[in-house]
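Number of protein chains: 4
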Amino acid sequence: MIRVAIIGASGYTGAESIKILLGHSEAELTYLTAIPAECGAVEDVFPQFRGRCNLPIEPLDLDKLAGLADVALCCLPHKVSMGFVPKLLEAGLKVIDFSADYRLKDVPVYEKFYAVKHTDTDNLARAVFGLPELFREQIKDADLIANPGCFPTGALLAIAPLLKEGLIELDSIIVNAVTGSSGAGKNPSSKFHFPNMNENLFAYGIGTHRHMPEMEQVAGEMAGLSVQILFQPHVGAFDRGICSTVYSQPKGKIGTDELRRLYGDFYRAEPFVQIRADAPAVKDVAGTNYCHIFPTCVKGRIVSFSVIDNLVKGASGQAVQNMNILFGLEETLGLK
Amino acid sequence: MIRVAIIGASGYTGAESIKILLGHSEAELTYLTAIPAECGAVEDVFPQFRGRCNLPIEPLDLDKLAGLADVALCCLPHKVSMGFVPKLLEAGLKVIDFSADYRLKDVPVYEKFYAVKHTDTDNLARAVFGLPELFREQIKDADLIANPGCFPTGALLAIAPLLKEGLIELDSIIVNAVTGSSGAGKNPSSKFHFPNMNENLFAYGIGTHRHMPEMEQVAGEMAGLSVQILFQPHVGAFDRGICSTVYSQPKGKIGTDELRRLYGDFYRAEPFVQIRADAPAVKDVAGTNYCHIFPTCVKGRIVSFSVIDNLVKGASGQAVQNMNILFGLEETLGLK
Amino acid sequence: MIRVAIIGASGYTGAESIKILLGHSEAELTYLTAIPAECGAVEDVFPQFRGRCNLPIEPLDLDKLAGLADVALCCLPHKVSMGFVPKLLEAGLKVIDFSADYRLKDVPVYEKFYAVKHTDTDNLARAVFGLPELFREQIKDADLIANPGCFPTGALLAIAPLLKEGLIELDSIIVNAVTGSSGAGKNPSSKFHFPNMNENLFAYGIGTHRHMPEMEQVAGEMAGLSVQILFQPHVGAFDRGICSTVYSQPKGKIGTDELRRLYGDFYRAEPFVQIRADAPAVKDVAGTNYCHIFPTCVKGRIVSFSVIDNLVKGASGQAVQNMNILFGLEETLGLK
Amino acid sequence: MIRVAIIGASGYTGAESIKILLGHSEAELTYLTAIPAECGAVEDVFPQFRGRCNLPIEPLDLDKLAGLADVALCCLPHKVSMGFVPKLLEAGLKVIDFSADYRLKDVPVYEKFYAVKHTDTDNLARAVFGLPELFREQIKDADLIANPGCFPTGALLAIAPLLKEGLIELDSIIVNAVTGSSGAGKNPSSKFHFPNMNENLFAYGIGTHRHMPEMEQVAGEMAGLSVQILFQPHVGAFDRGICSTVYSQPKGKIGTDELRRLYGDFYRAEPFVQIRADAPAVKDVAGTNYCHIFPTCVKGRIVSFSVIDNLVKGASGQAVQNMNILFGLEETLGLK
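Residue numbers (the working numbering), protein chains in the order written: chain A, 1 to 336; chain B, 1 to 336; chain C, 1 to 336; chain D, 1 to 336.
If we strip away everything but chain A, and leave its shape as in the complex, we get:
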């Protein structure tokens, strides 16, 4: 049994990770930590785990952790994470980090978008971007995985085949996405107060969303050239899911049948990516680690639709998928 610690277990991705691991046959939760104010019996923090998980959530003790776990899912916030990850690695654990701290390879870009100095550039250099469909081989041998952002996961899977095959103009990509509200995290705020958010939908992060450079970096790796992406997120009145609608300009003529063949071939061996012949709905993948994609041509442009669950394929499920790869387990364990 793989022994798993969750560092920063008191947030939504912590809860989702606990839920997935409770049903994983080859891994067991051994240690849950949070800041002192959010510690306690797991059922006091998350009533849904009453009777299902007996671990307390306790303040992180690195010595204790070293003897208790083989891998840490590090669910700490951006900027905080890079203060802890070096210690988790030194304690001998493999680390799957949910924050952005190890995703952006270009330090100045990180420092611009996150407005903080990067304090762990050594580990940053060897971190692997944990999108298994694109980087499975590197993940196998890594000890530090940068678990991707939710929007980049959905958007990149939607256009990776196009970029890899060099089929589209690299400055033509527009990612229009709508996420569920769990993406905002668990801290109450006016925008996400129920009577404000309910029956609502709006754009945010206009021109400034931090997932934009992350998309551009990985898209650039796929294409082998610099890629410009206009990413526009919106948030809607539902708990889970991201619907990404990605517009791009093909270099030459391409038809929908050809697109479907291309995507089908590209993702043929992927257990979690499904190519559809119709528009996928957020609810088709809610609560699962799947990504449904529908690529098509409209009026001379390519439009690629993808849906994922932002907390599963966009966070905790993908982390467990990465963990399964890291430890040589069947990749779908706990995620069926």
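Zero decoy hints are in this set.
Because identical chains share one entry, a pair is satisfied inside a single copy or across any pair of copies.
SDA-like, lysine to any residue: derived pairs with alpha carbons at most 20 Å apart:
hint, residue 1, residue 2
1, K299, S226
2, K299, P108
3, K336, I2
4, K336, H24
5, K191, R50
6, K336, G23
7, K336, M1
8, K253, G207
9, K253, L230
10, K64, I35
11, K191, C39
If you are wondering where the hints come from, they were derived from the structure by calculation, not from laboratory data.
If you're wondering where the values come from, they're calculated on a predicted model, not measured in any experiment.
Starting from the known structure of chain A, arrange chains B, C and D on it as the hints suggest.
Then chains B, C and D, alone, in the frame of chain A:
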């Protein structure tokens, strides 16, 4: 034109009052106030009023108010309101107060449920409970109206005919109610954070809700005897409305037809109360000042269903209805 | 008082029209019609009008209509409407038609997208497209108004200033929109069954939505040249509203400040269009006839956000706005 | 591996059963059936199973079934089920039936509430009511389990300890419940059309709901005496869950501490029942097989709150729990 000031205009009942009064042909908004932190252009506080209302929301200035308004809708919170109402009255305005401060005639009961000393018992004594269907005559001549709580409005209208006619056991009443989330007010909290409240429903205020003594007081006035009510509120994942399901034990035999006649007669002249022959839905009255009631007999008990919009008939709409009565206007003005 | 008939009053736009007209001080409802299966007391069809409207909904009788009304809001479906509009005009009424039958001036385009022969091309030729912000002068003298589609209303208002000033590439426009579920109409279907639609969001009408040629026609009139629009609608789990995110390529350099000045000037005298400095939310305009727009520049492209209520500014409210113009009333009557 | 057939797999309880069994380590789906109109690749009926389940949904072939499965989850509707269950039993399978056809032991009561003649009274006589917390011993040896209704599951678990201990007046019980909309099943209807059901809540089945006699029968078995229950269901705008608020009159004095001890003892060994010290929320159990209960005393009455997921503990999860018991597996397999 009646000139209306809203004191405490920056909350949900303030916004609903502004909205109603913008469409009122015989009243005009002249003054909006709030605590300094919530002042500003009305459109900065409530984007929905952009281009519709040019008044600023400003700190209360009693001298200014005196010259500007004939009536104040006082939307301040419980306990705060009684600090301001005497000054509003002294400034020569009629006052319709949304708080509980002038509803409970029994000072010790108020002080127990609200955990504060009552500081304006003089005005309390002459305040009129502003439920027009039961107290219209007293309202006409009042200068201080205690606008009823949302739950008491729905529950009392559902059983007033039974109490007035002495048809039920006075210790048998159970009020089971579900309110929409706007009842929680505009301050963000964990329970009402969208990802927590969405897809959710739960009971609260078990045995302790402050609307219980309010219901009992008015029910007692109707019955002419002391009444015990077991009131159990719940909150659901919708913006507006209260569905009250009121169970009571008839003293003798009574049939559904007889009940319907009784209710029909009791509310015959009431513009805002509609007696239904089937279960009313919250959405039938959302956004309106109406109360739909369906009284019926089940297995020897009487079950009375009522629905209202908690922000309209349960707050701002009822306040405007009271205002119309106070000033001798057609009672439905602005509320059709 | 303007006497108003609603033809096809039993659907959502019928109900919304009734609601608006009940609060209109210079118009009165005099006649409501529907197909026989949907006739009855208005409160049996729409419980929310119980006690508020005493008209029955009855089968259309043209002779009766002629003596009863000055104007008809014709809420019949596409293809059905053109069978009735000529008779309504012959009966001497002005007609505001909600269907697409009189919107598309190019008959072959209509016949392609609606898969039916157009049977009233004479009236089509003289119908005026009822978007007051763009065609107010023509509306004043019309007797047949083609009330615009909901998506075209939101999208066209978002980019009209750009088109009018010739600032953007005419083949670069992408309209990505999310509508609330009331847009689907009142007939139950599997996709809109609550347990399917709730917590969901998906794209539809890919490359085929009938509002695409409507947008292109009016955009072309604005630009004075043929315009290509890639329109991609989505539907989300909320009742009302459309959020349109419109991407376009400027011909030259343009800044956000310049854009805001341009939009501010273009819509300066418009009561229902508000230019924002931040992203508008669907809930800012729900239940109102307003359109909030935020134009900005992102990474070399122009992104224009607009929100409307699909049933009000996108249907019944705009119809009443047109009616007010037709009859020389204050344009905002009933819509404040 | 237990081989499982799902008869009537094309509805919501079918889908939920498939989902649970895909994650069950000791059971495998071998056969899925439905009426011909609802057959096809499972992913065409339920897009969420694309790539997760390769079985087709096909018309029932009893000969084929006999060789393929050890147990049938029979998800057919009331009245239809009793036409098939005898054949499933004859084919040598154990049967867990989701319909009401084998729940009500009193044939005339069944025939009154379901308005049909019972055609399989022999099997009815030996069917066991599948509420494991109350009837585990009988379930172990049964070959036909009547899986309980969703409302009876939540309500009976909430009051079983009171009935078993003879603590309450047997004619005093009122069950006020609110269910999510998935309880309505998958067939579209006007009431559950999204724009009607969204933001709504209403009572239904007043005095006539078929789960009332089911509750009374089992409550009577618990009490050893006839029990009268006034059951009033409501439906709210959420997908999953039932919140039951059960009022009863204690025979003597009882305190909240005593109640909690009683419930704690009664359910001590139960893996899926959790006794809370505060009001449970529907979302605490959504997606799980758990029932959270909070018993308390208010104004001389006992109020017991319980929450379950109507599709899991109220249907498919409970069926799998029963299956686990029937086959001697760990009771929580697939349900953790």
